[in-house]
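Residues per chain, in single letters:
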Amino acid sequence: MSAGRKILFNLMKDVALPAAMAGSDLASRIRHRKRKAPPPWAGPPLRCSARLKQIMMRHYGLARFAKGARPVAWVTSGFPVELARAFDFYTVYPENHGAVCGARKVGPQMSAPAEAAGFSPDLCSYARIDLGVALGAKGPAGTLPRPDVLLCSNNICQTVLYWYRQLAWMYDVPLLLFDTPFVADDLSDASVDYMASQLKDFIPHLERISRRPFDPDRFTKILLRARDTSLLWGQCLQTMAARPAPMSIFDAFVHMAPVVSLRGLPVAEQYYEVLLEELSQRVKDGVGAIRPERHRLLWDNIAVWFKVADFARIFGSAGLAFVAATYTSAWAETTHFLDPSKPFHSVARAYALVVLNRNLDHRVRLMKRMVQDFSIDGALFHSTRSCKPYSVGQYDIRTILQAAGVKTLIVEADTTDPRWYAEEAVRTRIDAFIETLG
Amino acid sequence: MTTVTGPMFRDATPAPSRPDSLAGTARSGIPIVAVFPGRYPRALIEAAGARAVEIWDPPVPPSHSVEHVQPFTCSVARRGFDLARTTRTNVRAFLFPHTCDTLQNLFTILRDLVADTRHCFLFCAPRSHLSPEARARYLVHAIRELAPGIEKAVGRDITASALDAAVRARRLAEEAKRNLYRRRAEGSIDCSNAEFYRVVRQDEFMPPEEFVRCAAQFLASSHPPQKPWKLHAVLSGILPDSGLLEILDRERILVVEDDLLSCGRRFPRAEVQPSQDPWTAMSDALLSLPPCSSWSAPLPDRVAFIRAIASASRARAVLFHAVKFCETEAFDHPYLTSRLRESGLPTLVLESEIRDAAVSSLSTRVQAFVESLQ
Numbered sequence: 001m002s003a004g005r006k007i008l009f010n011l012m013k014d015v016a017l018p019a020a021m022a023g024s025d026l027a028s029r030i031r032h033r034k035r036k037a038p039p040p041w042a043g044p045p046l047r048c049s050a051r052l053k054q055i056m057m058r059h060y061g062l063a064r065f066a067k068g069a070r071p072v073a074w075v076t077s078g079f080p081v082e083l084a085r086a087f088d089f090y091t092v093y094p095e096n097h098g099a100v101c102g103a104r105k106v107g108p109q110m111s112a113p114a115e116a117a118g119f120s121p122d123l124c125s126y127a128r129i130d131l132g133v134a135l136g137a138k139g140p141a142g143t144l145p146r147p148d149v150l151l152c153s154n155n156i157c158q159t160v161l162y163w164y165r166q167l168a169w170m171y172d173v174p175l176l177l178f179d180t181p182f183v184a185d186d187l188s189d190a191s192v193d194y195m196a197s198q199l200k201d202f203i204p205h206l207e208r209i210s211r212r213p214f215d216p217d218r219f220t221k222i223l224l225r226a227r228d229t230s231l232l233w234g235q236c237l238q239t240m241a242a243r244p245a246p247m248s249i250f251d252a253f254v255h256m257a258p259v260v261s262l263r264g265l266p267v268a269e270q271y272y273e274v275l276l277e278e279l280s281q282r283v284k285d286g287v288g289a290i291r292p293e294r295h296r297l298l299w300d301n302i303a304v305w306f307k308v309a310d311f312a313r314i315f316g317s318a319g320l321a322f323v324a325a326t327y328t329s330a331w332a333e334t335t336h337f338l339d340p341s342k343p344f345h346s347v348a349r350a351y352a353l354v355v356l357n358r359n360l361d362h363r364v365r366l367m368k369r370m371v372q373d374f375s376i377d378g379a380l381f382h383s384t385r386s387c388k389p390y391s392v393g394q395y396d397i398r399t400i401l402q403a404a405g406v407k408t409l410i411v412e413a414d415t416t417d418p419r420w421y422a423e424e425a426v427r428t429r430i431d432a433f434i435e436t437l438g
Numbered sequence: 001m002t003t004v005t006g007p008m009f010r011d012a013t014p015a016p017s018r019p020d021s022l023a024g025t026a027r028s029g030i031p032i033v034a035v036f037p038g039r040y041p042r043a044l045i046e047a048a049g050a051r052a053v054e055i056w057d058p059p060v061p062p063s064h065s066v067e068h069v070q071p072f073t074c075s076v077a078r079r080g081f082d083l084a085r086t087t088r089t090n091v092r093a094f095l096f097p098h099t100c101d102t103l104q105n106l107f108t109i110l111r112d113l114v115a116d117t118r119h120c121f122l123f124c125a126p127r128s129h130l131s132p133e134a135r136a137r138y139l140v141h142a143i144r145e146l147a148p149g150i151e152k153a154v155g156r157d158i159t160a161s162a163l164d165a166a167v168r169a170r171r172l173a174e175e176a177k178r179n180l181y182r183r184r185a186e187g188s189i190d191c192s193n194a195e196f197y198r199v200v201r202q203d204e205f206m207p208p209e210e211f212v213r214c215a216a217q218f219l220a221s222s223h224p225p226q227k228p229w230k231l232h233a234v235l236s237g238i239l240p241d242s243g244l245l246e247i248l249d250r251e252r253i254l255v256v257e258d259d260l261l262s263c264g265r266r267f268p269r270a271e272v273q274p275s276q277d278p279w280t281a282m283s284d285a286l287l288s289l290p291p292c293s294s295w296s297a298p299l300p301d302r303v304a305f306i307r308a309i310a311s312a313s314r315a316r317a318v319l320f321h322a323v324k325f326c327e328t329e330a331f332d333h334p335y336l337t338s339r340l341r342e343s344g345l346p347t348l349v350l351e352s353e354i355r356d357a358a359v360s361s362l363s364t365r366v367q368a369f370v371e372s373l374q
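Top line first, the protein sequences correspond to chains A and B. Heads up, the first sequence is in my numbering, so the first residue is 1 and it goes up one at a time. Heads up, the second sequence is in my numbering, so the first residue is 1 and it goes up one at a time.
Hints in this document: simulated from the structure, not taken from any laboratory. Check each hint, because a few of them may be wrong.
What the hints assert, rightly or not - Derived pair list, reagent style EDC-like, types lysine to aspartate or glutamate, alpha-carbon separation capped at 20 Å: (1) B/Lys230 - B/Glu195; (2) B/Lys230 - B/Asp249; (3) A/Lys342 - A/Glu115; (4) B/Lys230 - B/Glu251; (5) B/Lys324 - B/Glu353; (6) B/Lys324 - A/Glu412; (7) B/Lys324 - A/Asp189; (8) A/Lys368 - B/Asp112; (9) B/Lys152 - A/Asp186; (10) B/Lys152 - B/Asp116; (11) A/Lys105 - A/Asp122; (12) A/Lys105 - A/Asp310; (13) B/Lys152 - A/Asp185; (14) A/Lys53 - A/Asp14; (15) A/Lys200 - A/Asp189; (16) A/Lys200 - B/Glu133; (17) B/Lys324 - A/Glu115; (18) B/Lys227 - B/Glu186; (19) A/Lys407 - B/Glu67; (20) A/Lys221 - A/Asp186; (21) A/Lys67 - A/Asp172; (22) A/Lys342 - A/Asp201; (23) A/Lys6 - A/Asp88; (24) A/Lys138 - A/Glu115.
Said to hold, decoys possible - Partial selection, computed: residues in chain B whose CB lies under 8 Å from chain A: (25) His141; (26) Thr337; (27) Val359.
Ideal placement from N, C-alpha and C gives every residue a C-beta, glycine not left out.
Chain A on its own, in the form it takes in the complex:
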């Protein structure tokens, strides 16, 4: 770490970026004043969206100045980031960056350098985008700081492990894997011990890389904040059980960014307090995201990032509100296990029991519960080539939900790569699905 870089980082954090944000906020307000009214089927936009945009812009903006000022960690979405926060790492989430690139529709151009280097176009498109970044691709969020360490957990897929092994080679930095054996039945004590021992083994490595000693009290505080943040996020999602739902899952796909990538920081917790307040008020006032809300739907899998706006329009204009998703709830489901009195073991438990690390019967039960709790009429399964653990099994889950009276639709697509998306075919299927809902 250099003193000059630290001064520049702090200057950007405390002066330049807040000033730029204020300017951007002003410009945004002016634009909003001029913006035409939302379409008749859509409720008023969430006020929090502007705040979210600022938070994420600040995060990516500061990332450009982080190298040399703070230790930088690239982290998978399922890694217990609370431990890294205790060492003051600046964290970058390549999956979140991939989603941003997907939403900006630059997935294929970002992954082109990786494909040219021999990475197959059949590989996960988040991974291809990120490997593309490592090979020089410049994305909409600007340059990502080079990592000092890679923090990876295979609780969401094995793909992140294959991917991060490549990053470790490309950036020549250590890779710390939090290995979470798949929970086929119950989570065994031996498995929890194995995971907890890995977390403890990380400490000397993180101390060396960050040049900062481990402070158990600080870790505990961060753990508590992360737990509270996730619980708040869960409460935000729960507001969508109301009729009409105060936001749609397409909003939630965007508003989940802080719980994924800023979990454990005060800014994320504060954000969800404000968001929850706004959503609760909308529930009280009967303000819905879709009006009128004719049917309520469940989304399974990651978003089709390059089609979020189109899908919101197609379904919204038909009065169909997506009010629950297995994806967005993943960051709210298991955090109640976090227990500061048993930090390592409780982290192991919380992170091993996420939906993608458990058997498919668990997912079926979760979805059936959502059908009940959120008064679901239909479910859309995004079968994405990029995520096999999420997609393989959907055909059977669909059959089970159909038998339970839920109308279903499978959309074959990808998270960020439109080359695997057949517009006409998908649109025809969506139209037919909307018809069956009546």
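Got chain A sorted already, so can you dock chain B onto it with the hints?
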């Protein structure tokens, strides 16, 4: 199902083919545990008096899998699933080594969603390399955790003496395989690639003592090649695809060593000092296996292993066979090929579905590769 004749030994004794062997097993009432691709403690199954029969590339037409799994899953998984849903042999259980995300989900589809009446188990080996002690401890636990389920499925307890015997028998089978590979690398076996791998792959379905006998017979009847081969190469990938082997035989490329998950990555190249405790011995045996993508081996270890076997077998090139949609292997190819080329080993990556490699484009690429080396 077409009957595949086993390789003919020089004394014209036909080795038992897979269907013949399985039919014999079924007739004798020996329970079968069918095992999906990957690495697992085979001695545990054999100690329970069952036969471990591996499912790598069954010659079955697409059937049930189209209704259960997406077309963007690999053909190894899809064919395996089709076989699992149609097989009528004495299969008591399916074991899924946790090799990749697709196999993980096939396990839970079969067990939890389509509710196959036979037992299904998942074997999760540790992937962390940070602490060798924690890794070994967890692996012993994972093996032990598997035992009660196997006992229940097979209907027989695993006794200490049976486990000892099974571990010893497995070591002999590994030694037999080491001999086969050593002789192949030395150039003292005159047979096609297809024939060599038919012998090696008998280990996928034979009990260890039978495999040892067949391997010994094969070696006893072999002699140095009469006709020179154009190129000696190492083959890397998931399994020795029959179509690809045909192409290599046609183009006179001899596979002198391999880094295949189904073959060369499943026995240690040097003998492992056996532990007295059979559970630890099984764990040690697995931990001493060559580096594998499916167990997240560090990339430099993989390069070092491929270089070592290439050097020992005097291979002049490395061929990578990528099974379409296999992420486990595909992620490693750019690193492996660049590092191997840097060390003077030309490489070629060929991609196909399994049992679909005998297409002209692959053949043309192989020809062009050989020409480029001459």
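Worksheet entry | Pairwise hint evaluation, A/Asp310 against A/Lys105, where the allowed Cα distance is 20 Å at most | 12 Å, holds
Please verify that hint: B/Thr337, Cβ, nearest Cβ of chain A, below 8 Å or not. With Cβ-Cβ at 7 Å, under 8 Å, it holds.
Q. Do the alpha carbons of A/Lys368 and B/Asp112 lie within 20 Å of each other, as the hint requires?
A. 15 Å, holds
Practice problem: Assess, step by step, whether the Cα of B/Lys324 is no farther than 20 Å from the Cα of B/Glu353, and give holds or violated. | Solution: 5 Å, holds
Would the hint linking B/Lys152 and A/Asp186 be met if the CA-CA limit is 20 Å? 18 Å, holds
Below or equal to 20 Å on CA atoms is what counts here, so check B/Lys230 against B/Asp249.
-> 10 Å, holds
* **When the least beta-carbon distance from B/Val359 to chain A is tested against 8 Å, hint result** => 18 Å, violated
Tell me if the straight-line CA distance from B/Lys230 to B/Glu251 falls inside 20 Å.
Roughly 8 Å between the alpha carbons, so the hint for B/Lys230 and B/Glu251 holds.
Checklist entry - Given the proposed pairing of B/Lys152 with B/Asp116, does the C-alpha separation stay at or below 20 Å? => result 16 Å, holds
Handout entry: Hint consistency between B/Lys230 and B/Glu195 [alpha-carbon to alpha-carbon, up to 20 Å]
Key = The given pair, whose Cα atoms are some 18 Å apart, holds under the 20 Å limit.
Pair hint outcome, A/Lys67 versus A/Asp172 [Cα-Cα no greater than 20 Å]:
Between A/Lys67 and A/Asp172 the Cα gap is close to 15 Å, so the pair holds against 20 Å.
Is A/Lys200 within 20 Å of B/Glu133, Cα to Cα?
Since the Cα atoms of A/Lys200 and B/Glu133 sit roughly 14 Å apart, the hinted pair holds (cutoff 20 Å).
Against the hints set out earlier in the document, violations occur for numbers 3, 7, 20 and 27.
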